[in-house]
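Asker: First residue of the sequence shown: 66, per the working numbering; consecutive thereafter.
A hint or two may mislead.
Said to hold, decoys possible - Pairwise CB distance ranges (calculated): (1) S317 to A212: 47 to 57 Å; (2) V144 to R331: 15 to 25 Å; (3) L191 to R247: 25 to 35 Å.
Bear in mind the hints are in silico, worked out from the structure with no lab data behind them. Beta carbons are placed, not taken as given, at the ideal position from N, Cα and C, and that holds for glycine.
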Amino acid sequence: MSGSTPTCRRRRTATSTSGWETSSSGLRNSPSATGTRCNKRNERRPAHGRRFTFAFCAFILSQKELLRLKRILIVDDDVHIGNMLEEALTGEGYAVSRAYSGTEAVMAVSLCKPDLVLLDLMLPGLSGEEVLPKLRGVPVIVMSAKASVDSKVELLLGGAADYVTKPFSLRELSARIVAALRSPAAEPEALCAGDIRLDLGGRTVSVGDTEVRLTRTEFAILKLLMLNPGQVVTRTLILERIAEDTPDCTESSLKIHISHLRRKLREAGSGDCIEAVWGIGFRLTKS
């Protein structure tokens with residue numbers, strides 16, 4: 066898949082108390098047995114060259130760290146294939162989680178919010194075709210033995226970001242994953258739950274024909290709950306997901322924001338649609 070990345074390490078040697086060394090496993094540069102000659106070479110090296118080396122190493126490490134933050138959910142009831150994929154993707158630096166049925170997949174996406182889903186079609190419980198429409202907003206690569214053009218077209222038009230036919234090459238799958246993560250998933254224009262409509266483009270909320278004026282924090286909370294209808298969303302997850310848009314929301318103020326949101330929706334005629342799950346979080350119920 067990807068090649069090894071140079072790393073930087075500081076190390077003492079018998080001939081020097083400081084400096085960088087070069088080896089096949091890393092990027093180091095320091096005096097060795099030819100201490101005097103290497104010292105002179107290092108003394109002649111411009112300061113900006115050393116700064117470039119340090120900056121380059123920091124850049125490489127930051128890119129690897131960004132890669133490690135990407136979370137991939139493998140949905141496949143074949144343990145052997147799942148283990149193979151998990152081992153390969155973990156080696157690439159991805160954080161990997163597993164689901165073995167369609168029902169587990171829907172719950173896992175709601176709870177762990179993966180950046181990409183690898184979805185098999187032949188699953189116990191809900192089939193892959195039934196799961197796919199429930200994964201809006203997350204890029205999905207379908208893995209299937211179905212090789213017909215009609216099957217591929219139907220699934221791609223149904224929301225899949227890509228399609229690979231089993232058996233597949235791990236190198237090819239890795240490249241497709243990189244491409245899918247590079248392309249941002251299309252977000253729906255609006256979310257609906259019962260008579261509540263949340264317009265993502267216009268950032269407006271209405272209950273039936275009645276517009277509901279919400280603060281940025283209330284809008285962000287409602288959006289997260291509507292993206293996970295019927296699912297319990299923990300307090301920690303709410304704070305984590307809305308932090309970028311609403312840094313003013315804290316653990317102590319979350320309950321107040323939820324209370325104001327409930328009141329505004331209730332006054333607009335939606336009823337009590339936000340349920341508190343004691344000690345865990347909140348969920349949007351049928352309004």
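Asker: Has the hinted range 15 to 25 Å been met by the Cβ atoms of V144 and R331?
Answerer: 48 Å, violated
Asker: 25 to 35 Å was suggested as the range; check whether the CB atoms of L191 and R247 agree with it.
Answerer: 29 Å, holds
Asker: Is 47 to 57 Å a correct range for the gap between the Cβ atoms of S317 and A212?
Answerer: 56 Å, holds
Violated hints amount to a single one, hint 2; each of the other numbered hints is respected by the structure.
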